[in-house]
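**Student:** Here's the letter readout for the chains.
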Amino acid sequence: MVFLRSEEHLERWLAGREPGATLTAEDMNRLARRWWWTRLDQDWVPRSAEEGQAILGELGLTGDFWALR
Amino acid sequence: MDELDLRVRRCVYGRFVALGRAPTAAEVGAELGLAVGEVEDSFRSLHDAHALVLRAGTIELLMANPFAAAETPHRVECEGRSWFGNCCWDALGIPGALHADGRVESECACCGEPLALEVREGRVAEGAELLTHILVPARRWWDDIVFT
Chain A
5 MVFLRSEEHL
15 ERWLAGREPG
25 ATLTAEDMNR
35 LARRWWWTRL
45 DQDWVPRSAE
55 EGQAILGELG
65 LTGDFWALR
Chain B
3 MDELDLRVRR
13 CVYGRFVALG
23 RAPTAAEVGA
33 ELGLAVGEVE
43 DSFRSLHDAH
53 ALVLRAGTIE
63 LLMANPFAAA
73 ETPHRVECEG
83 RSWFGNCCWD
93 ALGIPGALHA
103 DGRVESECAC
113 CGEPLALEVR
123 EGRVAEGAEL
133 LTHILVPARR
143 WWDDIVFT
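Sequence lines, in order, name chains A and B.
Under my numbering, the first residue of the first sequence carries the number 5, and numbering increases by one thereafter.
Under my numbering, the first residue of the second sequence carries the number 3, and numbering increases by one thereafter.
Note that these hints are calculated values from the structure, not bench results.
All values derive from a computational prediction rather than experimental measurement.
Among the clues, some could well be false.
Here are a few chain B residues that face chain A, going by a calculated C-beta distance under 10 Å [unchecked claim]:
#	residue
1	Y15
2	G35
3	L36
4	A37
5	V38
6	A51
7	N67
8	S84
9	G87
10	C89
11	I96
12	C110
13	C113
14	L119
15	A140
Here are the simulated distance ranges between beta carbons [what the hints assert, rightly or not]:
#	chain 1	residue 1	chain 2	residue 2	range
16	B	G59	A	R73	43 to 51 Å
17	A	Q46	B	E120	26 to 34 Å
18	B	V38	A	P50	22 to 30 Å
19	B	E29	A	W48	17 to 25 Å
No residue lacks a Cβ here, since even glycine has one placed at the ideal position from N, Cα and C.
The task is simple: from the sequences and hints, build the whole structure.
**Tutor:** And the structure:
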């Protein structure tokens with residue numbers, strides 16, 4: 005999961021590999037905040053796959069690529 | 003993952019935040035009044051549950067996501083302290099987990115040129131033109147979390 009300067013740099017970095025998912029920095033920030041927001045909570049318990057999938061869905065990250073299992 | 007594992011995990015994360023680095027099993031044991039072997043057993047359980055990541059073939063912490071135990075290209079500053087994130091997702095996750103503004107200094111995966119992002123009040127205030135890419139589909143993230 006990497007940062008890239010532009011679409012041109014992404015294409016060069018992929019070097020013919022099949023692309024995965026490209027997110028803007030702001031979309032990745034929204035995902036990261038939502039995903040890790042409770043990580044330091046004192047009452048943290050593991051998140052189920054269904055809960056994780058729901059978070060991805062709330063952010064519009066749906067489809068086979070984003071299927072956790 | 004039992005109650006002891008959750009106590010060990012809380013301690014690991016607390017020490018990560020406080021120290022800016024991963025604690026050792028001995029440090030966790032001293033804080034919780036546990037034998038090192040008990041902490042190591044718990045580290046293994048937490049690793050198996052994907053609640054933290056151990057360095058391959060060892061009992062040393064490699065990741066307590068979003069925090070990285072090793073130096074990475076993704077340095078994060080929040081509230082005058084710094085950590086390393088494991089990847090772009092984790093780097094932006096550190097200000098999220100701390101509920102704080104933050105600055106991420108990283109590099110373009112293609113050309114290696116430095117890049118920076120500022121997160122203020124929950125939004126990317128600098129570096130919003132940058133892109134991120136996830137190569138591995140979600141169901142395979144934990145097949146090799148270091149590569150992911």
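**Student:** If a hint holds in the structure, say so; if it does not, say that too.
**Tutor:** The hints, checked one at a time:
The closest approach between the C-beta of B:Y15 and any C-beta of chain A is roughly 6 Å, which is under the 10 Å cut-off, so the hint is satisfied. Evaluation of the B:G35 hint against chain A yields a violated restraint, the C-beta minimum of about 18 Å exceeding 10 Å. The interface hint given for B:L36 is broken, as the beta carbon of that residue sits about 18 Å from the closest beta carbon of chain A, more than 10 Å. Hint status for B:A37: violated, given a least beta-carbon distance of 24 Å to chain A, over 10 Å.
The interface hint given for B:V38 is broken, as the beta carbon of that residue sits about 24 Å from the closest beta carbon of chain A, more than 10 Å. Annotation: interface hint on B:A51 holds; nearest CB of chain A at approximately 6 Å, less than 10 Å. Hint status for B:N67: holds, given a least beta-carbon distance of 8 Å to chain A, under 10 Å. For B:S84, the interface hint is violated, the least distance from its beta-carbon to any beta-carbon of chain A being 17 Å, above 10 Å.
Hint status for B:G87 relative to chain A: holds, with the closest Cβ pair at about 9 Å, below 10 Å. With a cut of 10 Å, the hint placing B:C89 at the interface with chain A holds, because the nearest CB-to-CB distance is about 4 Å. Evaluation of the B:I96 hint against chain A yields a held restraint, the C-beta minimum of about 8 Å falling below 10 Å. Hint on B:C110 holds. Least Cβ distance to chain A is approximately 4 Å, under the 10 Å limit.
The criterion of a C-beta within 10 Å of any C-beta in chain A is met by B:C113, whose closest approach is roughly 6 Å, and the hint holds. For B:L119, the suggested interface contact is upheld, since its CB lies about 6 Å from the closest CB of chain A, less than 10 Å. The criterion of a C-beta within 10 Å of any C-beta in chain A is met by B:A140, whose closest approach is roughly 5 Å, and the hint holds. Judged by the Cβ atoms, the range 43 to 51 Å given for B:G59 and A:R73 is violated: they are separated by roughly 27 Å.
At roughly 29 Å, the beta-carbon separation of A:Q46 and B:E120 lies within the given 26 to 34 Å, and the hint holds. Checking the proposed 22 to 30 Å range against B:V38 and A:P50 shows it holds: the Cβ atoms sit about 24 Å from each other. In this structure, B:E29 and A:W48 meet the distance hint of 17 to 25 Å, their C-beta atoms being roughly 20 Å apart.
Of the numbered hints given earlier, the model fails hints 2, 3, 4, 5, 8 and 16; all others are met.
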